[in-house]
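Once you have looked at the hints, place chain B on chain A.
Residue numbers (our numbering), protein chains in the order written: chain A, 1 to 348; chain B, 1 to 348.
Errors might be hidden in some of the hints.
Identical copies go unnamed one by one, so any copy, or any two together, can satisfy a pair.
In silico DSS-like cross-links for lysine-lysine, where the CA-CA straight-line distance does not exceed 30 Å [what the hints assert, rightly or not]:
#1 K74 with K250
#2 K250 with K55
#3 K285 with K222
#4 K190 with K74
#5 K116 with K190
#6 K116 with K247
#7 K43 with K77
#8 K247 with K222
To be clear, the hints were calculated from the coordinates, so they are not data collected in a lab. Since we're looking at a predicted model, the values are computed, not measured.
There are 2 protein chains.
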Amino acid sequence: MTNNYIIALDAMGGDFGPSVYIPAAANALDKQKDLEFLIYGDKKIVRPLLDQHEKLKKHSIFHHTDITISSHDKPSKALRHGKDSSMRLAIEAVRDGQAHGIVSAGNTGALMVMSKLILKSLPGISRPAIASVMPTQNGEVVMLDLGANLVCDAEILVQFALLGAVYAKVVQGVATPSVGLLNVGTEEMKGHDEIRAAAEVLSTVKFPGRYHGFIEGDDITKGTVDVVVTDGFTGNVALKTAEGVAKLTKHFLTEAFKSSPLAIMGYLLSMGAMKKMKDQVDPRKYNGGMFLGVNGVCVKSHGSSDALGTENAILVAADLIRNDFNTQVAEEIEKLMGQESFVEAVGV
Amino acid sequence: MTNNYIIALDAMGGDFGPSVYIPAAANALDKQKDLEFLIYGDKKIVRPLLDQHEKLKKHSIFHHTDITISSHDKPSKALRHGKDSSMRLAIEAVRDGQAHGIVSAGNTGALMVMSKLILKSLPGISRPAIASVMPTQNGEVVMLDLGANLVCDAEILVQFALLGAVYAKVVQGVATPSVGLLNVGTEEMKGHDEIRAAAEVLSTVKFPGRYHGFIEGDDITKGTVDVVVTDGFTGNVALKTAEGVAKLTKHFLTEAFKSSPLAIMGYLLSMGAMKKMKDQVDPRKYNGGMFLGVNGVCVKSHGSSDALGTENAILVAADLIRNDFNTQVAEEIEKLMGQESFVEAVGV
Numbered sequence: 001m002t003n004n005y006i007i008a009l010d011a012m013g014g015d016f017g018p019s020v021y022i023p024a025a026a027n028a029l030d031k032q033k034d035l036e037f038l039i040y041g042d043k044k045i046v047r048p049l050l051d052q053h054e055k056l057k058k059h060s061i062f063h064h065t066d067i068t069i070s071s072h073d074k075p076s077k078a079l080r081h082g083k084d085s086s087m088r089l090a091i092e093a094v095r096d097g098q099a100h101g102i103v104s105a106g107n108t109g110a111l112m113v114m115s116k117l118i119l120k121s122l123p124g125i126s127r128p129a130i131a132s133v134m135p136t137q138n139g140e141v142v143m144l145d146l147g148a149n150l151v152c153d154a155e156i157l158v159q160f161a162l163l164g165a166v167y168a169k170v171v172q173g174v175a176t177p178s179v180g181l182l183n184v185g186t187e188e189m190k191g192h193d194e195i196r197a198a199a200e201v202l203s204t205v206k207f208p209g210r211y212h213g214f215i216e217g218d219d220i221t222k223g224t225v226d227v228v229v230t231d232g233f234t235g236n237v238a239l240k241t242a243e244g245v246a247k248l249t250k251h252f253l254t255e256a257f258k259s260s261p262l263a264i265m266g267y268l269l270s271m272g273a274m275k276k277m278k279d280q281v282d283p284r285k286y287n288g289g290m291f292l293g294v295n296g297v298c299v300k301s302h303g304s305s306d307a308l309g310t311e312n313a314i315l316v317a318a319d320l321i322r323n324d325f326n327t328q329v330a331e332e333i334e335k336l337m338g339q340e341s342f343v344e345a346v347g348v
Numbered sequence: 001m002t003n004n005y006i007i008a009l010d011a012m013g014g015d016f017g018p019s020v021y022i023p024a025a026a027n028a029l030d031k032q033k034d035l036e037f038l039i040y041g042d043k044k045i046v047r048p049l050l051d052q053h054e055k056l057k058k059h060s061i062f063h064h065t066d067i068t069i070s071s072h073d074k075p076s077k078a079l080r081h082g083k084d085s086s087m088r089l090a091i092e093a094v095r096d097g098q099a100h101g102i103v104s105a106g107n108t109g110a111l112m113v114m115s116k117l118i119l120k121s122l123p124g125i126s127r128p129a130i131a132s133v134m135p136t137q138n139g140e141v142v143m144l145d146l147g148a149n150l151v152c153d154a155e156i157l158v159q160f161a162l163l164g165a166v167y168a169k170v171v172q173g174v175a176t177p178s179v180g181l182l183n184v185g186t187e188e189m190k191g192h193d194e195i196r197a198a199a200e201v202l203s204t205v206k207f208p209g210r211y212h213g214f215i216e217g218d219d220i221t222k223g224t225v226d227v228v229v230t231d232g233f234t235g236n237v238a239l240k241t242a243e244g245v246a247k248l249t250k251h252f253l254t255e256a257f258k259s260s261p262l263a264i265m266g267y268l269l270s271m272g273a274m275k276k277m278k279d280q281v282d283p284r285k286y287n288g289g290m291f292l293g294v295n296g297v298c299v300k301s302h303g304s305s306d307a308l309g310t311e312n313a314i315l316v317a318a319d320l321i322r323n324d325f326n327t328q329v330a331e332e333i334e335k336l337m338g339q340e341s342f343v344e345a346v347g348v
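Looking at chain A on its own, in the form it has when it is part of the complex (with noise of 0.2 Å):
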């Protein structure tokens, strides 16, 4: 191995496992000549699938495990017995700093609960955030929680908005990203009281973005923040509403092309300009899902992802290892946390 980034993969998570995580790492090399991999696996499984793709199988070392993590267990039982999974052993590549970052589609909440106990949270970050990226009508959202944590009070909401701003700013290349707080309406004195106490805290603190204020839930796609902020209940409900809609969407699209003659023509007329919108909302590209504020890069994979998504998954970490992300979590939450007023404010 060289000095190149190097990620830790979980080859067994997901429903596909290692089928789609060679190709998508052999893919993922071809375009970022800087990655290496650590890929743990059933050899009988991987070893086969190496030996399609010469490039990867020298630019990564196998290690075999045969114990995988289920997607059914729960991560007390996950954390009890999954000692020598192809997760845990992941995990433990990047704490023992022979892996940059982690990519896995297993267990989410074992995936959580590892790479928190194994790798800790960065410093003076209370609870790591599960993020992603979003299309919108102008561009693109970060967004977080979207369901590590179901209660947050306004401490932890500043410090995803943090999260969320350094990601926007270092990654994204948004100067000063403007973050909003997910609520029931734009006035000041709605919503509950954790949400109205961050709302405070953010609009007197500096960090590496501007506070924009209270959004609602049809400006997450409408562009007008580049960080959504809200707890992991409502970003979960919210994200997996909108996958939701945008189903039942193509749904109906599809019966109206299928519904006349003149539809179907109508339909083959448009195909490129159709697949090219495809292509634009393809949940495939917005595939990854970081774990933000752990000490360590660790992106969860979609479970059902194919080889696409699980390259751009690993690309997502590749993004945050690249860009030193954490090292600027690092700094600027430093700098949060010698605020007069954001020590006021939620009194720590």
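Showing chain B alone in chain A's frame:
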């Protein structure tokens, strides 16, 4: 006036006021001959419009008022200063038995606070909820709460389940409506305390529906259940996120159809089918937020609704009145409160 169904209209509410209310009421009357209206608004605007609709004029009584509650007023201010407002007079007409229900496109917060204060909640209902019907892949779903109660304990969520189930049964004709609790996963251990406690109660009590279990955001539009129950914060964010994604898709679809001469031709050929699809998900068809649990039918029309959307809100109110929704709820809530397992669980 006769023994028909009488709807009180706060004709001054919403962005367009009487200019959409009067034609909307006239069209509703064309469809349902047993409707009559009490119209509250400014005579300078309403009278000339009424003169254009002879039939409506014959089937309605007009009350002049020049006080309107602004959409920006805080509910508390609306209560103090809205004594002779069109909204308040319309609600009082329901209280005094002059009308069977009210429709308003005015300030949601003011309408909820006033209707709760003047009409009260149905006996046994702690907190009325805002409910709405949404399209799914295989029909329709009713979802509540959409924003009236940001924080809800188990007892309140169970009452929402009852309200939604009675609606699906009585108004939509679903024999045994299935009810899902919106959560971040379907496993029993998922979610926060309130929702898990509500799940336990719903699993044991008898109510006019069948408890399906936890559902996730994408289940709303998948048609997994007939009734989606959630707290008002999550419900509001989910609803608006859904609206946002629908707009985003429309945006991308329009862009795609304009992207090349071939795509434009494709659009022209499939225009009929596209229109049918647009009609299927037309938000105006789903306009009408029902304040379920208020002792009197109360329907909120969207502030930016046109005449078609407003007509739908009127028909939603007519449906609730015609099917005697509130009497059915009162009977069912009494049955629920008589069950030992309910009393034990919620500690009433």
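Okay, the hints, checked on the actual structure:
Taking the shortest Cα distances, K74 and K250 never come within 30 Å of each other, neither inside one copy (34 Å) nor across copies (40 Å). For the homomeric pair K250 and K55, neither the shortest alpha-carbon distance inside one copy (38 Å) nor that between copies (43 Å) is at most 30 Å. In this assembly of identical chains, the alpha carbons of K285 and K222 lie at most 30 Å apart whether taken from the same copy (19 Å) or from different copies (23 Å). Taking the shortest Cα distances, K190 and K74 sit within 30 Å of each other only across copies (11 Å), while inside one copy they are farther apart (36 Å).
Taking CA atoms no more than 30 Å apart as the test, K116 paired with K190 passes between copies only; the shortest distance there is 19 Å, against 33 Å inside one copy. Proximity of K116 and K247 under a CA criterion of 30 Å is satisfied in neither setting, with 33 Å inside one chain copy and 38 Å between copies. In this assembly of identical chains, K43 and K77 lie within 30 Å of each other by CA distance solely inside one copy; the values are 24 Å within and 70 Å between copies. Taking the shortest Cα distances, K247 and K222 sit within 30 Å of each other both inside one copy (19 Å) and across copies (8 Å).
The structure does not agree with the numbered hints 1, 2 and 6 stated previously, though it agrees with the rest.
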